[in-house]
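S.K.: Chains as they are written, first to last, in UniProt numbering: chain A, 1 to 566; chain B, 1 to 365.
In case anyone wonders, no lab produced these hints; they're calculated from the structure.
Ideal Cβ placement from N, Cα and C applies to all residues, glycine included.
Just to be clear, a hint being listed does not mean it is correct.
[Claimed, not checked] Cross-link-like lysine-lysine pairs, in silico, DSSO-like; alpha carbons within 27 Å at most:
(1) A:Lys381 <-> A:Lys462
(2) A:Lys323 <-> A:Lys478
(3) A:Lys542 <-> B:Lys269
(4) A:Lys313 <-> A:Lys478
(5) A:Lys296 <-> A:Lys411
(6) B:Lys306 <-> A:Lys317
(7) A:Lys438 <-> A:Lys101
(8) B:Lys306 <-> A:Lys101
(9) A:Lys382 <-> A:Lys438
(10) B:Lys170 <-> A:Lys542
(11) A:Lys382 <-> A:Lys447
(12) A:Lys296 <-> B:Lys170
(13) B:Lys306 <-> A:Lys491
(14) A:Lys296 <-> A:Lys312
(15) A:Lys455 <-> A:Lys440
(16) A:Lys542 <-> B:Lys330
(17) A:Lys96 <-> B:Lys306
[Unchecked claim] Among the chain B residues that face chain A by a calculated CB cut under 10 Å, a handful are:
(18) Phe237
(19) Ala276
(20) Phe279
(21) Ile287
(22) Ile291
(23) Trp292
(24) Ala296
(25) Trp301
(26) Pro305
(27) Glu307
(28) Phe311
(29) Ala318
(30) Ala323
(31) Thr326
(32) Ala341
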Amino acid sequence: MADSTRTATAESGAVTEQERDDELLQDAERLSSAPREEDPGEGPGPVGIGLVGWLRWFWRQLTSMRVALLLLFLLSIAAIPGSLVPQEGTSEGQFKVLEFKEQHPTLGPLYDRLGLFDVYSSAWFSAIYILLFVSLAGCILPRSWQFFQALRSRPPAAPRNLSRLPVHTTWETAVDRDEVLAAATRILKRRRFRAHLGDGAVAAEKGYLREAGNLVFHISLFGLLVAVALGHLFSASGNKLVVEGDGFANSLTQYDDFSSGPLYDDEADLDAFGFTLDDFRSAFEESGSQRGTARKFEADLTYWTGDGERTKKTTIKVNSPLKVGGTKIYLVGFGYAPVVTVRDGQGQVAYQGPVACLPQDANTTSTCVIKVPDYVDENGKKTQLGFTGTFVPTFGGATERGMVSQFPSLKFPALFLTAYRGDLGIDSGLPQNVYQLKTKNMKQFKKANGDPFAKYLLPEEKMELPGGAGTLEFTGIKEYAQFEVSEKPGKGLALASASLALLGLICSLFVQRRRVWVRATPTEGGGTVVSMAGLARSESAKIAEELADIAVELHDDAEPSRSEKE
Amino acid sequence: MFVAAEVNDNLAQISNVLMYSAMAVYTLSFLAHCMEWVFGSRSRVAVQSAALAAASRASEAAEAAKASAVSVTVATRGGGTMTLERPRVVTRSAGRPAKDGPGAAGTDQRADVLGRMAVSLTALAFVLHFGSVVARGVSVQRPPWGNMYEFSTAFSLMAVGTYLGLLLAKRPVRWLGLPVTTAVLLDLGLAVSVLYTESDQLVPALDSYWLWIHVSTAIISGAALYLGAVAAVLYLFKDRYEAARLAGRDGGRLATVWQRLPSAASLDKFAYRVNALIFPLYTFAIIAGAIWAEAAWGRYWGWDPKEIWSFVTWVGYAAYLHARATAGWKGRRAAYLALIAFACFLFNYYGVNIFITGKHSYAGV
Ligand code: HEM
Chain A
1 MADSTRTATA ESGAVTEQER DDELLQDAER LSSAPREEDP GEGPGPVGIG LVGWLRWFWR
61 QLTSMRVALL LLFLLSIAAI PGSLVPQEGT SEGQFKVLEF KEQHPTLGPL YDRLGLFDVY
121 SSAWFSAIYI LLFVSLAGCI LPRSWQFFQA LRSRPPAAPR NLSRLPVHTT WETAVDRDEV
181 LAAATRILKR RRFRAHLGDG AVAAEKGYLR EAGNLVFHIS LFGLLVAVAL GHLFSASGNK
241 LVVEGDGFAN SLTQYDDFSS GPLYDDEADL DAFGFTLDDF RSAFEESGSQ RGTARKFEAD
301 LTYWTGDGER TKKTTIKVNS PLKVGGTKIY LVGFGYAPVV TVRDGQGQVA YQGPVACLPQ
361 DANTTSTCVI KVPDYVDENG KKTQLGFTGT FVPTFGGATE RGMVSQFPSL KFPALFLTAY
421 RGDLGIDSGL PQNVYQLKTK NMKQFKKANG DPFAKYLLPE EKMELPGGAG TLEFTGIKEY
481 AQFEVSEKPG KGLALASASL ALLGLICSLF VQRRRVWVRA TPTEGGGTVV SMAGLARSES
541 AKIAEELADI AVELHDDAEP SRSEKE
Chain B
1 MFVAAEVNDN LAQISNVLMY SAMAVYTLSF LAHCMEWVFG SRSRVAVQSA ALAAASRASE
61 AAEAAKASAV SVTVATRGGG TMTLERPRVV TRSAGRPAKD GPGAAGTDQR ADVLGRMAVS
121 LTALAFVLHF GSVVARGVSV QRPPWGNMYE FSTAFSLMAV GTYLGLLLAK RPVRWLGLPV
181 TTAVLLDLGL AVSVLYTESD QLVPALDSYW LWIHVSTAII SGAALYLGAV AAVLYLFKDR
241 YEAARLAGRD GGRLATVWQR LPSAASLDKF AYRVNALIFP LYTFAIIAGA IWAEAAWGRY
301 WGWDPKEIWS FVTWVGYAAY LHARATAGWK GRRAAYLALI AFACFLFNYY GVNIFITGKH
361 SYAGV
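Could you build all of it, start to finish, from the sequences and the hints given here?
M.R.: In structure tokens:
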């Protein structure tokens, strides 16, 4: 396409040499089917050409390289806010968004309206990438077709004057013209050029892999897009905290939190499996400046799949999840669960078992909440009981703000609790955070002097609530592990697309598409003038080398009778 | 994979001593480069405005002379070899005619000696630097890029390595000497003061063979992209200088610097080559990161700050490559895009690690 225009101008004779030179050099830049850009000023605007004209104009704009460039640039800018404003996508993100909204009462709603808390699903972000992909389709389809045709047609014929090309050489030989051309064709073909012997000249071209790679790269981006969409629509993931010795079965009611994509069928699609956490091990750096840094997390599981007839044992580590069918189980966190026994005012056991406490800092200072819904007080009245407090694996004394752990593993565990009595608010039917005690309708126990009642406990120690209201015994400590169970389809497709894109990219960037022409013209003296020229992108310096190599080879068959010296 | 590797304090100590020695030698090299530029400015570099065009014709002739001087050995039909004089291939370039400057030393003999000394010093510092990184790695029995101190030292090691490698390959890149030593000194200075972390084992999240693959490719990419960015900046200056000379104006106060640099076209080409060469590697680094994230965190892409900024950087460089293929965007505008993309890379490294918390924050920054 580019060549026909060039030849046409060359033949019109009205152009200056400078213009012709420029055309030739520009040709080099067009050794790809990249769309030709018109100057922004010169293209006819859509004025007065009706709706179809407008649409066509719009489509031409959208599929132009300039707009593709603009959209790419916009896309990268549009991605930035997501790194500065908390995002709702994850459970920790949700928490941060709430916090942000609390701290910024005016900005919060504004951000909300702008979609800044969920940038990557926002209308404007979607608009950019959808436009980009439409543009890509509009660009890729015609280019693929063009490329396909280029593969079927001959390399473009030699320009009239080869010495006008950026890289050229010429010499005279005594050898017959047809012999020279035959040799040139042979050599070029051996060098894997597609060569065509035409009217007194050989036209050859090589490096189609560049174009092919470029197309593969862009098309793979669609594969990636589809994979991401699949992952979004059909994914599901949830979190589950499991105390040592406890189990989990993969059903909706068992999750602490669970979210799934729009097309995921929560009931039908969950893989059937379950597991028991047999043991959890952690290790931390004991000394040096990195003291307390995590060194090891391992969870030993016994798990079953399908009907649960047979069980297997496995170990999950941070970088190696368990795979069950299409589901993966990741170890994402850990913590401590003090084991307590609560007796009510009548001496009956009202609660017994481990209480998972949530870590608040790197040394696992953890907050604990114990809710005892079935409690009878010292007077035989039914009410409810709640405890809040702190657990530290390594007690190092108390500060004004309470206890702070000195080390993340169990060296000197201690529990500090205060107690409330009243209405826990769990009967209202609204889902409630098990890690938070709502004390609005509860009354804190008081000491005899009227101060709030609270107590430090070491393992095996017991706390007695004032007025014979009951006891809490700290009987032991278990570790718990936090698992993320996630099902994300489309991963294989994503990986395949990404690999293909990378491969295409490598071809596209490292292969040079280039053309070589050899012309042989008989002289009056019975000899032949051989002229050769090469064309490649200006970025390529290799074309001169390559042309020289070919010329050297051709010298064997077309020995110079007189080398051209100026 | 938890290796209860005992940290070898001795080696870690040696690593630190080597690092400080390397920095001292880099400083000497930096000073020698500075002096090279200063002394070189006294030399008379013959670049008159009209001479620019003439020079290009001369360079074409010189190029041609060089081409014909090259002889190649080819196999003859008889099975032996013979030496052929290479045919003269005429090369012409499009656009503004320009000639590469003579380099920092100009034509000054003393400056040239200083420049050579600077390169030798850089090579010596590189050896010390390399020793330090290896000692660090051996002391903890893992790849020495587990925290920001280690990333930084590996990063500048790679930048110097690439620069020296190009010199070894006989590429005319001595003009990179001063920018490289400057950046290395800044980077190592930050590393040993602000970012220093004791030699130690890895947090479990980093304990994976993907650490080798993902982080090393990211570090190499960053180091090479730095060289590309330097070339892009110098291109912008040189381009303005050349335009001024062609318009008959003088080249401004720093003309003596600009005229000794390679031509704008050469700088632009160098920047493009580096960026285009590294772009697939950076792409690979991101893909490797996604695979690792999938294994460690259960999703291959979760818009974590680090992921966001690699995306921004990647798209930035993709935009740059597009710009190079788009009429009207070549040249200065493409160079600006490359610089913006590199700024994003830098921010992803320093900014995100220090100011933004995400899943990628670990191990004492
Ligand atoms: C999804 C967004 C896109 C990305 C990430 C992307 C990325 C890239 C990259 C990295 C290159 C450089 C590799 C090479 O030179 O072959 C490239 C080249 C190219 N892109 Fe895209 N691209 C995108 C969309 C588009 C669109 C919408 C168009 C058309 C309007 C387009 C047309 C081209 C062309 C023609 C080239 C080759 C230029 C040349 O011959 O050097 N791309 N693209």
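S.K.: For each hint given before, does the structure comply? Return the numbers of the non-compliant ones in rising order.
M.R.: 12, 18
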